[in-house]
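Peer 1: Quick mapping for you: the protein sequence lines, in order, are chains A and B.
Mapping of the first sequence onto my numbering: residues 23 to 87, in sequence order.
Mapping of the second sequence onto my numbering: residues 140 to 283, in sequence order.
For the record, the hints were derived by calculation from the structure and aren't laboratory data.
Fair warning: there could be bad hints in the mix.
[Said to hold, decoys possible] Chain B regions said to be covered by chain A (calculated; three or more residues, Cβ under 8 Å): (1) 164-173; (2) 186-194; (3) 202-216.
Note that this is a predicted model, so its numbers are computed, not measured.
All residues carry an ideal CB built from backbone N, CA and C; glycine is no exception.
If you want the building blocks of each chain, they are given just below.
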Amino acid sequence: MRLEAMTLELTHFTAALLFAVFASVVFGITQRNAARDQVRYGLYCFVMFLGGVFTAGWVMWLVRR
Amino acid sequence: MANVSTAKPKLEAEKLATAQPQITRMSVLAPALGWLIPGAGHLIQRRWSRGVLLMASIVTMFLLGLAMQGRVYRPNGGDILDILGFVGDIGAGGLYIVTRAMDWGQGAIAHATADFGTKYIIVAGLLNFIAVADAYHIAIGKKP
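Same shape as in the complex, but just chain A (with noise of 0.2 Å):
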């Protein structure tokens, strides 16, 4: 069974969201111990992730210029 047939194309920004949604959940998860410690955690590294994304594109437009 081939899965050439589900080709899936996201954009980089789309890819970097969805990878900062999932990575998010699991660090909030897994490093902090109460539910309100999790959220914030995971809040905190999902707005990380997302600083980083604008913060590296930034970087490489200025790079090009």
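Chain B: place on chain A using the hints.
Peer 2: Same frame as chain A, now just chain B:
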């Protein structure tokens, strides 16, 4: 005086950190099951919401990687980077076994997103390693 009041909790925290983990049946079963089925290590310990969220995140990430035509590494890749890729992939446990058995994850270079897919699959496995360690910590009582 202040030193006396802060010394007791500090001592208890040190005692907890240095305490020998209790090896129980659950401390072996939960990580093993969590590796085979992502999130199951938490579910078996009745951490329902955590287990479901971990399962949804890791399984979805792995499947998205496959749908993006990501490559699944073989154990005998030869190249050191291939071996590291395999170490990441194997973390997904049952998902990796099923993928290999079905001969999925061949990696189509024709698709620009295939490289994303390969990374998604590796990271899904690595995240499952973290989830397995967390299930173990719950089983030995180090984490609530």
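Peer 1: Each hint needs a verdict: does it hold in this structure or not?
Peer 2: Status of the hints after comparison with the structure:
1. Counting residues of the stretch 164-173 of chain B whose C-beta sits closer than 8 Å to any C-beta of chain A gives 0, which falls short of three, so the coverage hint is violated.
2. With 3 residues having a beta carbon nearer than 8 Å to a beta carbon of chain A, the stretch 186-194 of chain B meets the requirement of three or more and the stated coverage holds.
3. Remark: the stretch 202-216 of chain B is confirmed as covered by chain A, as 5 of its residues place a Cβ nearer than 8 Å to a Cβ of that chain, reaching the required three.
Hint 1 from the list above is the single one not met by this structure.
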